[in-house]
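Number of protein chains: 2
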Amino acid sequence: MRRLLTIHDSFNFEENDFDITAYGEVLLDMISREEAPLKECVNFTRYFGGSPANVLVNMQRLENKTAFISRIGDDEFGEYLREILDDEGVNLDCLQYDQEEGTPIIFVNKSRETPSWLAYRGADINLEITDSIYDKIDNSSIFFMGSFILSKNPARATAIKALEYAVDKNKVFAFDPSFRANLWPEGNKGSKIIRDLLAQADIIKPSLDDAYHLYGQDHPENYLKKYHSDGAGIVILTLGKDGVLLSDGNNEPLHIPVFSEKVVDVTGAGDSFWSGFLTGILKGLPVKEAARLGNAVAAFKIQGVGALSSVPPLAEIISYYDIQPIEGGNFDE
Amino acid sequence: MRRLLTIHDSFNFEENDFDITAYGEVLLDMISREEAPLKECVNFTRYFGGSPANVLVNMQRLENKTAFISRIGDDEFGEYLREILDDEGVNLDCLQYDQEEGTPIIFVNKSRETPSWLAYRGADINLEITDSIYDKIDNSSIFFMGSFILSKNPARATAIKALEYAVDKNKVFAFDPSFRANLWPEGNKGSKIIRDLLAQADIIKPSLDDAYHLYGQDHPENYLKKYHSDGAGIVILTLGKDGVLLSDGNNEPLHIPVFSEKVVDVTGAGDSFWSGFLTGILKGLPVKEAARLGNAVAAFKIQGVGALSSVPPLAEIISYYDIQPIEGGNFDE
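Chain order of the listed sequences is A and B. If you read the first sequence in my numbering, its first letter stands for residue 63, the second for the next number, and so on. If you read the second sequence in my numbering, its first letter stands for residue 63, the second for the next number, and so on.
It is possible that part of the hints are untrue.
Copies of the same chain look alike in the list, so a pair counts if it fits in one copy or across any two.
Think about it this way: if two alpha-carbon atoms lie no more than 20 angstroms apart in a straight line, the pair counts; the simulated DMTMM-like pairs of lysine to aspartate or glutamate are [said to hold, decoys possible]: (1) Lys214 / Asp160; (2) Lys231 / Asp200; (3) Lys172 / Asp149; (4) Lys350 / Glu283; (5) Lys303 / Glu323; (6) Lys251 / Glu163; (7) Lys231 / Asp304; (8) Lys127 / Asp200; (9) Lys214 / Glu190; (10) Lys251 / Glu102; (11) Lys127 / Glu77; (12) Lys254 / Glu125.
It is worth saying that the hints were derived from the structure and are not from the lab.
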């Protein structure tokens, strides 16, 4: 189903009620204040979290129309999250409330190396397909999904139903394939499910770490080949401080360096990239220029603290980093 | 099955490997630093929690031999809790590790009024009966259980199996009947299950708040009558700053005032009372004198911070509050 685009092409979208519908989790990130193993951490601070939710909030700030399909507990933590999404203008018609299970939480320790974490699943597991969800997908240009919601049933089965519907309806499917065995009841065997879904995706944005967990140790260029060989369309491999590699599987991969020299906090940098990149392709930018816009938004993000640190107005980002519109086009369209 | 004792009588125990086996939860209490609705709380501090676990740690400090039947996640939070129990000398042969579900957590907001809370159940729900559990019960003088572990199946069904075994084996069954509808999937109907278990209990220690949630608004003396009418043996109704009411259902209830005038933190005061009281009856004190020892331990507790704030050596408590041994007996027996 995926489009055969090169990194020099633009996506075409018809006018829709929503630029993007994201499907997945919104949750509390409980980050330790101590830099220590989680077992020894005593103090925790609560943050708004969940990759699809972060992407949508950032995209609202970049002037897109967004809708969210998710499920939270009918509790005070859920209310805290809902109010933020609502204040940002995300459409919440498809936000479900669970009467039995709580709002999910992830505990993470502050760490200079790879942080360790513990996930407390809850309401997210029970996300149900409704007619109103199909309706939102019908009226959206892009369908976005991460991997957390795919890691455990019954959430997995319903998520796959939703994404197959979106692909069937020829929506652009943007997928964040981030496999971590300890979230999956079947352990490493879960990676096959993620790999099977790659062939449905028009765009994926794994990190080096994601690639390592899916394919084992290898070189970035080989990772790109493996993702394409599993059927992914456009692959954006993020390399941390080394920027991103952009590949369509046919042309030579394009390297884009990081735009920011100052790094305060990289939390949510990937979600910021997504929001800038998807804003770019919605505006009709060629994929490679949209990736530059992704880098630009991520650059603003990593100079502030928190996954939702302030994103400046789109016009400012575009002018600051000299993002080029398509020939004859402009950003006001 | 329950003993027909008055508050002037002593319990008789044969020598056993363990003075007490407690069955139930050990968990993280995540207490907010802000005095605000939970929705607005940003910072949380982690504490060791779970009523049966607190009772055992305090009883170890009071020189009893204790064993714990519980289940935690095979994760870093579980390890933190296990190490504390182990350091205190609690027997952990029957501590189970869940590979799928995490260590339970309760979020509580700091509040001068009744705090609000959110429970994240996990491994506790899957506590399984094993031969080794029956063995621990066989070799213990007292069997202790709270109500958290009864609130949700499958944990409830196995907990009832264990307590019925203990009662069958003529163990002293000490029960903390603390019903809160929002922990029970069946809501208020759950109170019937707690009430049905009262008839098995030799000793119960509800608070005024517990009585209110079970029977609705009433006077302390009427609450005592209701507990006895449901079949409970010795009833110790805790009245907060007004001390405790002690009743056997036949004699006039005995009022014991609070021993401490200074109050720093009442968290875990009830668990401290339990540990002093049960230590007293294990030492052969008459019930009413054991209740004074319970009050004495609680008095030391509420002058410090945290559910496990330091309990002084038993001899010091006994002498400070002039607890009377049985005639001709002494505390060294």
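Return the numbers of the hints above that this structure violates; sort them in rising order. 3, 7, 10, 12
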